[in-house]
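Student: Read off the chains here:
There are 2 protein chains.
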Amino acid sequence: MKNRKSVIRLSRYKNELHRFKTQGAVRIVSNDLAYAVGVTASQVRKDFSLFGISGNRRGGYKIDELIAWLNKILRKDEVQKVIIVGAGNIGSALMQYSGFAKEGIQIIAGFDIDPLKCRRVGAVSIYPLEKLNAFVRDNGIGIGILAVPENAAQPVLDIMVGAGIKGVLNFAPIRLRAPEECVINSVNLVPELENVIYFSNAVREKSE
Amino acid sequence: MKNRKSVIRLSRYKNELHRFKTQGAVRIVSNDLAYAVGVTASQVRKDFSLFGISGNRRGGYKIDELIAWLNKILRKDEVQKVIIVGAGNIGSALMQYSGFAKEGIQIIAGFDIDPLKCRRVGAVSIYPLEKLNAFVRDNGIGIGILAVPENAAQPVLDIMVGAGIKGVLNFAPIRLRAPEECVINSVNLVPELENVIYFSNAVREKSE
DNA sequence: ACATTATTGTGAATTTTGGAACAAAAAAGT
DNA sequence: ACTTTTTTGTTCCAAAATTCACAATAATGT
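If you read the sequences in order, they're chains F and C. Going by this note's numbering, the first sequence opens with residue 477, and the numbers climb by one from there. Going by this note's numbering, the second sequence opens with residue 477, and the numbers climb by one from there.
Derived by calculation from the structure, the hints in this document are not laboratory data. Nothing here was measured: the structure is a model prediction, and the numbers come from that model. Wrong hints could be hidden among the right ones.
Because identical chains share one entry, a pair is satisfied inside a single copy or across any pair of copies.
Straight-line distance between alpha carbons at most 30 angstroms, and here's what the computed DSBU-like set of lysine-lysine pairs gives [claimed, not checked]: (1) Lys-682 / Lys-548; (2) Lys-557 / Lys-607; (3) Lys-522 / Lys-607; (4) Lys-522 / Lys-478; (5) Lys-593 / Lys-578; (6) Lys-497 / Lys-607; (7) Lys-522 / Lys-481; (8) Lys-593 / Lys-478; (9) Lys-557 / Lys-682; (10) Lys-593 / Lys-538; (11) Lys-522 / Lys-578; (12) Lys-478 / Lys-682; (13) Lys-481 / Lys-497; (14) Lys-607 / Lys-481; (15) Lys-548 / Lys-478; (16) Lys-552 / Lys-682; (17) Lys-497 / Lys-682; (18) Lys-497 / Lys-593; (19) Lys-682 / Lys-522; (20) Lys-593 / Lys-481; (21) Lys-607 / Lys-538; (22) Lys-538 / Lys-548; (23) Lys-552 / Lys-607; (24) Lys-607 / Lys-548; (25) Lys-593 / Lys-682.
All chains, full assembly: derive it from the sequences and hints.
Tutor: As structure tokens, then:
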């Protein structure tokens, strides 16, 4: 029903809607949004219908209403406070990544085992890992980004889960195990790039 | 047939196989690999069968042979030279990301419009964007990582395509248009995190 | 040598996902 | 008022992906 893919598409619709809005549009029809995002119009309508969003049978959807709906569904009514664990290359980059702030996602703190990395990166202070538990509890944080090396990932995740984290975006290239009530979504950079390499070669070979 | 997902899984199998190998294993059965990666055993066998990898009807697959096959399929016999365009947070982080080097992917150069960013990051030199075309042609580069801001993404991609890039891993949160012969794979960080936020809330609400 | 067991490889069944098509509804025109 | 046009919402259909299930077969034990 409401699956990973449909939620991801919702985010992408939202993004394109902002773009349409800045161009002065007030209403949008499924067809145009579909083209912008790269899916079919029925897909768009189906997604909206799935989440109870309805438009008008002529004149399509009001952009402001749509954005409001999407923001509500995606919890954008409140600022989402997120921690990042691991202040290496990826972790540090994400601490400064403006895309998050733009979408109301606030990186509230970073954590790392290495005391040398417990400095400040952009607007984010990095604390020693031992402080994670108390910090998460005291601030009621639910979401974390895991950007530590492969072999540290599982133990660090366990600490996060133990502290009460309920959702993790993981960058370690490894399968993590967590209790059901904790949602894990992994971004695997190497496989994604290998995928590009594979298909760009496949395309070339087909045309030879 | 050979779809995006199956190729991504191959990468993940490879990763887990290295892990098994360092633990001293010589052979592996589909069941164990499946468990490690988090898929079903038939999925593993189907994937292998799809790419013409075969095992032994007792005793499973020889790990070394498997890794050799996967490396061949994923083009790991040669070092893959990749450029990164955009030396902001994400781009710079990827230039130093050890995961790529570990998998035989060499970041050979970076490019950016901003002259201030044309410095050196780790082992990677960053050149002005104007030099991209010549560099790509002279070095026969086929793969690029696109890590520029949203509004620069399409024009910069056009430059890359014009220079002969045939595969792109894109981090800009926007739909890109490229000729068929250029493969594009996008990693959208904000939607991925929003996905975690959505489902972690959905899980909590279900249990209330 | 033969029986037994473990495990692959694959065809069939199932589930999931996406797309086409069209009736229902709202707006616009006449 | 009513006809036409546009566009949604939804049902039905197709394709893709996944899992099931089991025959084929290779190793092992007796």
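Student: Between copies, within a copy, both or neither: which fits Lys-538 and Lys-548 at Cα up to 30 angstroms?
Tutor: Within one copy only: 15 angstroms inside, 51 angstroms across.
Student: Is it within a copy, between copies, both, or neither that the alpha carbon of Lys-548 lies no farther than 30 angstroms from that of Lys-478?
Tutor: within (15 angstroms within a copy, 38 angstroms between copies)
Student: At most 30 angstroms between C-alpha atoms: does Lys-593 with Lys-538 qualify within a copy, between copies, both, or neither?
Tutor: neither (47 angstroms within a copy, 41 angstroms between copies)
Student: If the cutoff is 30 angstroms on CA atoms, where do Lys-607 and Lys-548 land: within, between, both or neither? Let me know, please.
Tutor: neither (32 angstroms within a copy, 45 angstroms between copies)
Student: At most 30 angstroms between alpha carbons: which applies to Lys-497 and Lys-607, within, between, both or neither?
Tutor: neither (42 angstroms within a copy, 36 angstroms between copies)
Student: One pair to classify: Lys-552 and Lys-607, alpha carbons no more than 30 angstroms apart. Within, between, both, or neither?
Tutor: within (28 angstroms within a copy, 41 angstroms between copies)
Student: When Cα atoms must be at most 30 angstroms apart, do Lys-497 and Lys-682 count as within-copy, between-copy, both, or neither?
Tutor: neither (41 angstroms within a copy, 34 angstroms between copies)
Student: I want to check one pair: Lys-593 and Lys-478. Are their C-alpha atoms no more than 30 angstroms apart within a copy, between two copies, both, or neither?
Tutor: neither (39 angstroms within a copy, 43 angstroms between copies)
Student: Given a CA cutoff of 30 angstroms, do Lys-557 and Lys-607 count as a within-copy pair, a between-copy pair, both, or neither?
Tutor: Answer is within; shortest intra-copy Cα gap is 17 angstroms, inter-copy 41 angstroms.
Student: How do Lys-682 and Lys-522 come out at 30 angstroms by Cα distance, when the copy is not named: within, between, both, or neither?
Tutor: Intra 35 angstroms, inter 23 angstroms, cutoff 30 angstroms: inter-copy only.
Student: How do Lys-522 and Lys-578 come out at 30 angstroms by Cα distance, when the copy is not named: within, between, both, or neither?
Tutor: Intra 27 angstroms, inter 42 angstroms, cutoff 30 angstroms: intra-copy only.
Student: Since the copies are identical, ignore which copy is meant and state whether Lys-557 and Lys-682 lie within 30 angstroms (CA to CA) inside a copy, between copies, both or neither.
Tutor: between (47 angstroms within a copy, 22 angstroms between copies)
Hints 3, 6, 8, 10, 14, 17, 18, 20, 21, 24, 25 from the list above are not met by this structure, while the remaining hints are.
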